[in-house]
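Colleague: Read off the chains here:
Number of protein chains: 4
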Amino acid sequence: MIVILKKGATEPAINEFVEEVKQKGLGVHISTGVDKTIIGLLGDTSKLVPEDFLANDIVETAERVSAPYKMASRSFHPENTVVCIGTGQSGVIECKIGDGKTVPVIAGPCAVETEDQIMNAAFAVKKAGARILRGGAYKPRTSPYSFQGLGKEGIKLLEKAKKETGLPICTELMAISELKNFENVDLIQVGARNFQNFDLLKELGKFNKPVLLKRGLSGTINELLMSAEYIMANGNENVILCERGIRTYDGYTRNCLDVSAVPYLHKVSHLPVVIDPSHACGIRWMVGTLAQSAVAAGADGLEIEVHCCPEKAWSDASQQLPPSQFEELMIKLGKYAAVEGKTM
Amino acid sequence: MIVILKKGATEPAINEFVEEVKQKGLGVHISTGVDKTIIGLLGDTSKLVPEDFLANDIVETAERVSAPYKMASRSFHPENTVVCIGTGQSGVIECKIGDGKTVPVIAGPCAVETEDQIMNAAFAVKKAGARILRGGAYKPRTSPYSFQGLGKEGIKLLEKAKKETGLPICTELMAISELKNFENVDLIQVGARNFQNFDLLKELGKFNKPVLLKRGLSGTINELLMSAEYIMANGNENVILCERGIRTYDGYTRNCLDVSAVPYLHKVSHLPVVIDPSHACGIRWMVGTLAQSAVAAGADGLEIEVHCCPEKAWSDASQQLPPSQFEELMIKLGKYAAVEGKTM
Amino acid sequence: MIVILKKGATEPAINEFVEEVKQKGLGVHISTGVDKTIIGLLGDTSKLVPEDFLANDIVETAERVSAPYKMASRSFHPENTVVCIGTGQSGVIECKIGDGKTVPVIAGPCAVETEDQIMNAAFAVKKAGARILRGGAYKPRTSPYSFQGLGKEGIKLLEKAKKETGLPICTELMAISELKNFENVDLIQVGARNFQNFDLLKELGKFNKPVLLKRGLSGTINELLMSAEYIMANGNENVILCERGIRTYDGYTRNCLDVSAVPYLHKVSHLPVVIDPSHACGIRWMVGTLAQSAVAAGADGLEIEVHCCPEKAWSDASQQLPPSQFEELMIKLGKYAAVEGKTM
Amino acid sequence: MIVILKKGATEPAINEFVEEVKQKGLGVHISTGVDKTIIGLLGDTSKLVPEDFLANDIVETAERVSAPYKMASRSFHPENTVVCIGTGQSGVIECKIGDGKTVPVIAGPCAVETEDQIMNAAFAVKKAGARILRGGAYKPRTSPYSFQGLGKEGIKLLEKAKKETGLPICTELMAISELKNFENVDLIQVGARNFQNFDLLKELGKFNKPVLLKRGLSGTINELLMSAEYIMANGNENVILCERGIRTYDGYTRNCLDVSAVPYLHKVSHLPVVIDPSHACGIRWMVGTLAQSAVAAGADGLEIEVHCCPEKAWSDASQQLPPSQFEELMIKLGKYAAVEGKTM
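Protein chains in written order, with this note's numbering: chain G, 648 to 991; chain P, 648 to 991; chain R, 648 to 991; chain C, 648 to 991.
If you are wondering where the hints come from, they were derived from the structure by calculation, not from laboratory data. There's no promise every hint is true.
Which copy? The list can't say, so a pair holds if one copy fits it or any two copies do.
Unchecked claim - For lysine-lysine, the following BS3-like pairs were computed, each having C-alpha atoms within a straight-line distance of at most 30 Å:
1. K803 x K853
2. K799 x K671
3. K669 x K654
4. K773 x K827
5. K774 x K982
6. K856 x K774
7. K827 x K694
8. K959 x K914
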């Protein structure tokens with residue numbers, strides 16, 4: 648249920664209204680816009696009648712929300728959410744995702760391998776114009792015999808790269824027990840395989856860091872938004888949605904980039920939407936074309952894998968771009984972004 | 648098997664070589680490029696040994712093609728195929744698809760309904776910059792109780808619109824028995840449901856008209872190229888491939904636009920690739936964004952449904968654009984095309 | 648819309664009612680049961696109000712049917728349809744599919760190859776207990792370079808095998824133009840790739856032969872029933888539905904047998920349901936297990952590929968059973984059928 | 648790599664061989680059969696040459712395993728694994744899954760709701776012949792606003808039901824931090840959404856309890872076996888695989904039961920395979936038919952949701968069976984099991 652208040656409703660009147668709602672056992676989400684205030688009622692609202700609220704003088708309209716997600720819904724929060732990454736950390740260059748003016752790129756290697764490797768990659772992607780450094784410390788691998796990432800040590804190396812370059816860092820969390828190592832991580836990634844690991848999502852709701860939530864391999868758009876809702880309902884509204892290719896019947900690419908997710912998510916939600924073309928196709932020469940396509944579809948950002956020596960990468964060797972190609976791509980992407988008056 | 652001849656091989660020597668191959672019961676496809684001549688061997692080549700051909704003085708190399716398609720393969724025909732629509736017909740404005748300089752748009756209503764309707768649509772799409780007029784005369788409908796199209800009468804109306812506007816016309820063929828009515832159709836569409844109607848494809852191979860071949864609802868890229876091969880192996884090399892959305896597990900759009908098909912098809916085949924964003928999403932407000940995304944992915948053309956009064960359309964009412972929106976879209980698409988130095 | 652008449656409605660009263668309906672431009676389907684008569688109204692019934700019919704004395708109830716299919720719906724035709732194959736042909740052993748007492752098996756090679764081959768197969772499958780002989784004369788092959796079937800000559804060989812064994816014959820139709828060769832075919836198969844070839848379906852609606860309609864590679868249950876509706880609405884109610892595996896993301900079997908289709912189709916439709924385990928898996932050793940599973944799911948029949956020398960088969964070599972395995976399987980299937988009091 | 652030792656190889660010789668292998672940094676899995684001993688080499692074996700092992704007198708053959716899973720593979724462990732549930736606990740009736748003689752049923756409500764509810768359900772399913780009691784204490788729900796389960800309290804209630812009925816208990820684990828509450832749980836379920844939660848799987852590898860591992864919504868067979876491998880490679884070989892329906896393009900059932908998984912998993916792996924028909928279809932009236940089909944496909948067990956008052960269930964109300972229907976079903980299933988000489 649969402650309740651839209653009349654223009655000019657006073658703060659005491661609003662507070663009184665909110666108290667009443669809470670006494671019914673419901674949660675409340677307040678979105679204060681320039682013109683109007685929108686109150687979202689959270690919890691089991693199935694027995695409420697919208698008309699009952701109209702009796703209150705400050706209420707303009709009250710209506711049911713048919714979507715199962717609420718805090719993630721644009722009905723609840725009409726204006727775009729802008730997620731700020733790296734804010735307030737000394738020496739770190741802040742990055743905003745979802746501001747409608749930029750298309751920031753998160754770039755870096757699939758996995759953190761060695762100090763030299765991550766340092767070189769960090770400087771290379773910064774030079775090319777990337778705004779956030781990525782690198783996997785904990786790697787979700789299908790096989791228990793594959794390289795599982797450097798773990799805590801990998802995060803330490805990312806922190807060092809942040810210090811040297813000023814780039815905020817993004818890395819994946821796979822288990823709640825490791826969260827203690829993410830204090831200096833600026834953007835926490837939840838991977839496709841954990842997108843319905845509800846306990847992990849709840850925990851991230853209580854942790855004060857932006858989250859990059861990837862759509863599951865066969866996750867529906869509704870499920871993605873419900874998973875965002877798990878994080879938001881637990882207190883963290885800084886969620887960025889990420890489309891990274893879905894599983895279909897055709898295997899000519901590793902996954903199938905569902906580019907329609909961008910306009911659709913923008914329609915139904917206020918959260919920023921990032922595209923990961925690297926995992927979507929899994930083929931180096933195709934990454935650039937998909938990135939262009941994503942920018943033209945209105946993506947709020949991109950996540951692209953870059954490795955200084957892709958053919959020697961310890962994982963995903965076939966999809967990482969060398970710095971030279973990444974640089975060229977960034978220039979091309981800038982031209983596509985410019986069509987809508989944006990920069991990378 | 649493809650055999651690449653040495654530069655400077657004489658015509659008599661080539662003819663002699665071709666005769667030898669034919670005597671083995673194989674077909675031959677000759678692609679004469681600026682520098683070299685490529686001979687494709689068609690049929691069951693499983694018992695041939697590439698090395699045997701090297702004995703012939705004019706042969707440079709001979710190798711197996713692993714892809715099951717041959718004539719549709721870029722190995723056979725390294726240069727892009729440009730398909731000319733409406734060529735040589737008096738009063739018709741020719742349109743080239745696949746020339747790398749333009750992104751022609753095929754536009755018009757889902758179905759031809761009345762003379763007024765198709766005439767108005769034809770003038771509207773021409774004014775906005777479309778290069779080919781589309782309109783369904785034979786409609787493949789899931790239900791036998793739905794409007795099945797005007798049939799032959801619909802084609803007559805399209806012909807009239809062609810005469811008035813000069814736009815070449817494109818319409819769908821569903822049955823071989825109706826082919827006699829397609830003499831004045833400039834581009835024959837094979838719909839998703841008939842993309843493996845092999846008898847229809849064979850017949851189109853013998854008919855001297857360009858074909859717009861749509862990918863099936865769950866057609867793989869390989870199957871699409873094999874279906875193109877059916878047309879080509881029967882004598883017609885003017886095939887345009889069309890991605891129009893595939894069937895996945897998520898139903899938030901009617902189908903799922905597989906934008907990766909554009910770069911992949913360009914890599915493995917020389918045939919032009921067109922995107923149909925209207926059927927891909929089935930939602931009016933999303934068509935434009937997907938069209939932008941398709942242009943940025945390198946599509947050689949677009950097919951977009953336009954109706955002067957979409958809400959009264961006899962079919963697919965929810966996905967057709969009104970002329971005003973189509974005009975705006977064409978302007979925006981022109982900006983995206985310009986990034987690669989192309990025009991619409 | 649379906650209208651259920653009161654018990655005891657007289658024939659003249661019924662006829663008068665039917666005339667009234669026809670004058671509204673609607674078609675009528677009458678299902679006369681032991682107790683009650685059900686009138687199905689076909690065509691655009693969107694403007695009718697069910698209540699209006701209640702004014703008529705002979706009408707008990709009138710209600711909208713939400714399913715888009717009508718003649719194929721169990722609401723329209725509550726009793727099971729039993730399709731009789733080979734009826735009234737001299738020397739042919741009739742076979743009933745859908746009688747609830749038997750689970751007839753349609754068996755034979757993927758393709759008719761030679762006279763010896765089809766004769767040997769015919770006698771072998773008859774000996775093992777198959778009730779209908781199958782064999783492809785027109786073969787839908789993904790590649791234009793693969794064996795396309797013997798065509799008309801193949802049908803002649805099937806007719807000969809019918810004469811010798813008394814088994815009715817089943818073979819696939821791919822093009823309307825070949826229908827003239829199907830006069831002596833007892834059960835006409837529509838393959839997965841043609842399941843939405845609506846012109847072909849309409850033609851089969853006018854041809855007086857039972858049809859075995861296969862579900863498309865990614866056909867929904869609703870689409871399958873709508874395709875059956877195309878045949879039925881054109882005059883032929885002898886339709887057998889066939890589940891033959893669907894396309895999913897996992898390729899460990901050729902297709903994925905959707906065994907749930909059997910109980911679901913039985914719930915919503917009165918048409919018999921046959922399972923084709925051979926195409927569903929494409930793996931010889933798995934065919935038997937899937938056949939067992941299909942019988943336990945309540946299938947009304949099975950279609951199984953049998954070849955006297957599978958490893959030399961001209962197509963689908965990996966999925967055809969040799970006669971010895973087929974014989975053993977038939978004995979095992981008999982035991983599963985017996986659980987529900989049925990025989991093979 | 649698997650190494651098969653000669654019949655009669657002495658224990659000291661085997662130990663010496665194992666030591667040598669370990670010195671190369673590899674793990675070892677020994678499977679001692681009646682006739683021969685098979686040594687599986689775990690870890691990165693890519694640089695080993697099988698021929699090198701033949702120099703050792705006790706080695707009969709050495710060969711590479713192409714499947715990415717090793718301990719889960721039938722090549723490594725040719726005999727069926729039998730998992731014993733509830734063994735050695737006083738008052739508990741042990742249940743074996745995978746013995747080839749029985750098809751044990753795991754039954755009970757979707758979620759533990761109240762003491763009365765779980766007690767009534769426990770006695771009802773025991774009376775009907777179920778061998779293990781299920782009930783969800785931690786519930787993975789798409790929405791954060793849905794009932795999330797009673798948690799630890801739910802497990803206490805299950806323990807009480809175990810004490811009263813003697814049935815071993817099965818319940819789902821969602822987070823490593825809750826594992827401490829699973830000491831008295833006899834079979835730990837990993838749900839579809841956590842089937843690639845690799846940290847959870849590793850932890851279960853170190854916990855001494857049988858695991859029921861469900862296939863993910865779009866998990867491939869290979870991925871399921873790789874997830875089993877995560878558990879096994881960490882020390883726990885008591886893994887039961889569970890097919891519970893996969894996600895496809897057609898939504899007429901909640902998921903699509905992939906019955907072919909049973910014979911295929913039996914072919915490539917030695918682990919027992921259980922089918923969950925309740926989640927596969929999500930429709931009460933269909934559960935029984937799918938259960939029959941699963942037994943006929945050779946499933947080693949079934950998991951079926953039973954609730955004494957399904958229409959009042961707090962979750963999955965539409966798919967749970969009332970005890971009366973479950974009793975009837977068990978009798979029917981017994982007849983299908985009897986075809987292969989098995990009991991329920």
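Colleague: Which of the listed hints are broken here?
Modeller: 7
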